[in-house]
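Following the hints, put chain B in place on chain A, whose structure we already have.
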Amino acid sequence: MEKLLDIRNLNKGFPGVQALSDIDFDLYGGEVHCLVGENGAGKSTLVEILAGNYRFDSGQLHIKADSYSYLSPSKSLTIGIETVHQEDQLVLSVTAAENIYMGHLPMNRLGLFNLRKCIKDSQVLVDSLGLHLDVSELVSELTPVERKTVCIAKALSRRVSILILDEPTATLGLDETKILLDGVRRIREQGIGIIYISHFINEVFDIADRITVFKDGKKVATHLRSRCSKEQVIGEMVGRKAGHIFIRPEHKVGEVIFQVRNFTRKGAAEDINFEVHEGEIFGIGGLIGSGRTELARLMFGIDRRDTGNIILRGKDVTPNTPIEAIRNGFGYLTEDRKETGLILGRPVKENITIAEMNIRRPVLLDLPEERNQAVKMVNSLRIMTPSLEQVVINLSGGNQQKVVLAKWMLSDVDVIIFDEPTIGIDVGAKKEIYELIDDMALKGKVIVMISSDLPELLALSDRIGIMRKGKMVKIIKGSEATEESLLKYSTGV
Amino acid sequence: MGEKLANSKGSEGLVPSKKSRAREFIFSQSGFLIAFIIVLSIAITMVNRNFIKPQNILNVLGQISIAGIVAVGVGLILISGDFDISVGSQISLDGAILAILMTRTGSVLLPVIVMIFTGAALGFINGVIVAKSKCASFIITLGTRAAYHGLVLVATKGRNFPLQGMFETLGRGKIGFIPIPIVIFFLVLIFAYFLLKYMRFGRTLYAVGGNRTAAYLSGVNVDTIKIAVYTLCGLLVALASMTLISKLGASYPNTGDGYELQALAAVVVGGTSLWGGKGTALGLFLGVVIFGVMSNSLNMMNVSPYFREVFIGGIIIVATILSRIGELKK
Numbered sequence: 001m002e003k004l005l006d007i008r009n010l011n012k013g014f015p016g017v018q019a020l021s022d023i024d025f026d027l028y029g030g031e032v033h034c035l036v037g038e039n040g041a042g043k044s045t046l047v048e049i050l051a052g053n054y055r056f057d058s059g060q061l062h063i064k065a066d067s068y069s070y071l072s073p074s075k076s077l078t079i080g081i082e083t084v085h086q087e088d089q090l091v092l093s094v095t096a097a098e099n100i101y102m103g104h105l106p107m108n109r110l111g112l113f114n115l116r117k118c119i120k121d122s123q124v125l126v127d128s129l130g131l132h133l134d135v136s137e138l139v140s141e142l143t144p145v146e147r148k149t150v151c152i153a154k155a156l157s158r159r160v161s162i163l164i165l166d167e168p169t170a171t172l173g174l175d176e177t178k179i180l181l182d183g184v185r186r187i188r189e190q191g192i193g194i195i196y197i198s199h200f201i202n203e204v205f206d207i208a209d210r211i212t213v214f215k216d217g218k219k220v221a222t223h224l225r226s227r228c229s230k231e232q233v234i235g236e237m238v239g240r241k242a243g244h245i246f247i248r249p250e251h252k253v254g255e256v257i258f259q260v261r262n263f264t265r266k267g268a269a270e271d272i273n274f275e276v277h278e279g280e281i282f283g284i285g286g287l288i289g290s291g292r293t294e295l296a297r298l299m300f301g302i303d304r305r306d307t308g309n310i311i312l313r314g315k316d317v318t319p320n321t322p323i324e325a326i327r328n329g330f331g332y333l334t335e336d337r338k339e340t341g342l343i344l345g346r347p348v349k350e351n352i353t354i355a356e357m358n359i360r361r362p363v364l365l366d367l368p369e370e371r372n373q374a375v376k377m378v379n380s381l382r383i384m385t386p387s388l389e390q391v392v393i394n395l396s397g398g399n400q401q402k403v404v405l406a407k408w409m410l411s412d413v414d415v416i417i418f419d420e421p422t423i424g425i426d427v428g429a430k431k432e433i434y435e436l437i438d439d440m441a442l443k444g445k446v447i448v449m450i451s452s453d454l455p456e457l458l459a460l461s462d463r464i465g466i467m468r469k470g471k472m473v474k475i476i477k478g479s480e481a482t483e484e485s486l487l488k489y490s491t492g493v
Numbered sequence: 001m002g003e004k005l006a007n008s009k010g011s012e013g014l015v016p017s018k019k020s021r022a023r024e025f026i027f028s029q030s031g032f033l034i035a036f037i038i039v040l041s042i043a044i045t046m047v048n049r050n051f052i053k054p055q056n057i058l059n060v061l062g063q064i065s066i067a068g069i070v071a072v073g074v075g076l077i078l079i080s081g082d083f084d085i086s087v088g089s090q091i092s093l094d095g096a097i098l099a100i101l102m103t104r105t106g107s108v109l110l111p112v113i114v115m116i117f118t119g120a121a122l123g124f125i126n127g128v129i130v131a132k133s134k135c136a137s138f139i140i141t142l143g144t145r146a147a148y149h150g151l152v153l154v155a156t157k158g159r160n161f162p163l164q165g166m167f168e169t170l171g172r173g174k175i176g177f178i179p180i181p182i183v184i185f186f187l188v189l190i191f192a193y194f195l196l197k198y199m200r201f202g203r204t205l206y207a208v209g210g211n212r213t214a215a216y217l218s219g220v221n222v223d224t225i226k227i228a229v230y231t232l233c234g235l236l237v238a239l240a241s242m243t244l245i246s247k248l249g250a251s252y253p254n255t256g257d258g259y260e261l262q263a264l265a266a267v268v269v270g271g272t273s274l275w276g277g278k279g280t281a282l283g284l285f286l287g288v289v290i291f292g293v294m295s296n297s298l299n300m301m302n303v304s305p306y307f308r309e310v311f312i313g314g315i316i317i318v319a320t321i322l323s324r325i326g327e328l329k330k
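Residue numbers (our numbering), protein chains in the order written: chain A, 1 to 493; chain B, 1 to 330.
So that you can see chain A by itself, here it is in the shape it has in the complex:
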């Protein structure tokens, strides 16, 4: 078959991180080339370059016969590169057919929209994928796999030679995945080259012709599917152990002080049970979308649960709202500090004292006392800020995260749920935050820590609960876990 894509020595850096270094990658017509790697390995950056959203710094990019120094979104489309993103980009309120032809709707002779032709053509397109779907239905009425089908059909409705599928099955069940994979095989038969990104190793071995492994922005290897094993690929994804940046000091683990029982919200997280001992850090691992954040939100009373309760030192403290959660001694460090953790336009001081203030509920503020509290927090957490009145938006990521942490430390909460505590933070600040978390555990706080950063999860957790598709499938001891075993349970190999 024809070689559609040839990338050599491609480099792309962002401030503070080299996202891709010296990447070689190629793609032939009529093949499925799977791209695997952990979060942050550089897969998405490559996708964005091909979709024309990023420019690369150096290297060669050949597509068919031509060479390109960069792609713009429109150039990428003209060449015939179509990307199906992980999140469905559909208009829910119109039919599947109109979504498929969105942007180049068929017109009749009067220049008016021809709905009948649109439905007919898109039905043919969907049928050719071997999928059963009535395209005259509204997208809002469709199931997840049907929506994904619409996304793929939408890509195919244009002249496409390279199709990029970014985690198409992340939200699908096992049966649905099978249906979708059949569709992908049919597209391959049409001679289209497919770049397929997935975290699910079984699925990758089911569909791939070739598999390329990325790790930390570098290409580790490209294999023919028939010439490699799952264990080998997982090993390459994890790579050699990097030196631990943090080792938890020896500590005592006491009695069970915290229990989560039967937590369920249908479709988000189901039948979750675990307990935390005094002095312990309980890690939660799993892929993005496996229900980790959903579980945290349930525990903090943000989303309504179907069943479940939480016992802290023998007392039922199950919260129904965040306000109740905070009064019951919970703190929640969300995964997106800018959107949900901080009030970016307000000063450091106000962000630190807000939760404590809502527990105590005074009518009048004691400004000198507030300042003392904030100063104490800023100094003990070593938050780098020119003044307490500095608006938080001007601080670095690490210092912003410390402000969120300070908010919960000042509130003297008993239970803290961390969701990606060190996301987007430089190594130095990471280490400081690990020390703070460790210190809180030693002081008898219950620590539940969600993380996608496997070395971090391994370094801090006494035990790790692994989530997959909404369930906690396994709880393992931190000392016995390895990146390989975590990945195995997360992906269900």
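Simulated from the structure, these hints should not be mistaken for laboratory data. Heads up, none of these hints are tricks.
With a cut-off of at most 20 angstroms between alpha-carbon atoms, the simulated DMTMM-like pairs for lysine to aspartate or glutamate come out as follows:
no. : chain 1 : residue 1 : chain 2 : residue 2
1   : B       : K132      : A       : E324
2   : B       : K197      : A       : E389
3   : A       : K230      : A       : E484
4   : A       : K178      : A       : E189
5   : A       : K469      : A       : E176
6   : A       : K215      : A       : D453
7   : A       : K218      : A       : E48
8   : A       : K218      : A       : D26
9   : A       : K469      : A       : D175
10  : A       : K474      : A       : D462
11  : A       : K178      : A       : E31
12  : A       : K376      : A       : E432
13  : A       : K266      : A       : D175
14  : B       : K134      : A       : E339
15  : A       : K430      : A       : D453
16  : B       : K19       : A       : E389
17  : B       : K132      : A       : D303
18  : B       : K197      : A       : E370
19  : B       : K197      : A       : E369
20  : B       : K18       : A       : E389
21  : A       : K218      : A       : E483
22  : B       : K134      : A       : D303
23  : B       : K18       : A       : E370
24  : B       : K197      : A       : D366
25  : A       : K469      : A       : D303
26  : A       : K117      : A       : E137
27  : A       : K315      : A       : E275
28  : A       : K471      : A       : D303
Rough simulated footprint, nothing fancy, chain B against chain A, three-plus residues with beta-carbon under 8 angstroms:
no. : stretch
29  : 321–328
30  : 332–346
31  : 349–361
32  : 365–375
Quick reminder that beta carbons are idealized off the backbone N, C-alpha and C, glycines included.
For chain B alone, kept in the frame of chain A given last:
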């Protein structure tokens, strides 16, 4: 930029010195507004010497004090990230109820009490709908604006209610040489300053306006705060309406027309962010003053009053664009 900062200096550096605070103030929005007022006043005085006379200054303050009271209410809501454009209709409705009851009963105290409750209720209704529906407050209060105005017509059947000499002091009286409406306006401003700076409620308004989700996840009862701030605005509007009716000596079905725009214009000029989370009592005051000085200068330069609306519209647009530019620069 972190290294040279606070921590090496210990806690001393974290609390700004008087000098640096003064410098900060000069370059802040309020400092800019004060400078603008001074320049504007000098310019107008050069055209017309009467401008700077004490009598005219009291005149300006007198003209803006009622809109100023409303602006404080609208400003507090805006700080919490929402709008209330029904305040004009609220003034008319509060005023109609006051005047009808006064002419019917011949007493003053009872109608005033009823009216205060009405004002609170109108604000409360806005607040409950906005908080519970989570819909755009601009549209919700556009709806209540029409509804409240309709209620005025229902209550008055379109008639005017002259007070026939009752209840004159509040709007026309003076304390020393200062008209009472000005005194009320300043008391309201002091209240707003105190509320925003020293009360948890005020602090929470900033938090909710700055990032509603983060505030909620930090234990703020967002719905209660919204309802409370709308109710408070309703109370301030009732106070403004009372003063206005007293000053006019009668209630008209359209007494409050245009106040929502005047208030909004003053608030925006004063640097309260249209996106919430920012604004101060001083800013509100300066915004009101700038607005007043500008309309006064139009009068003094004999510009037709018909241009007033054009002028108000222009101010809102320019101030919004300027604050948007400031926001984008960050």
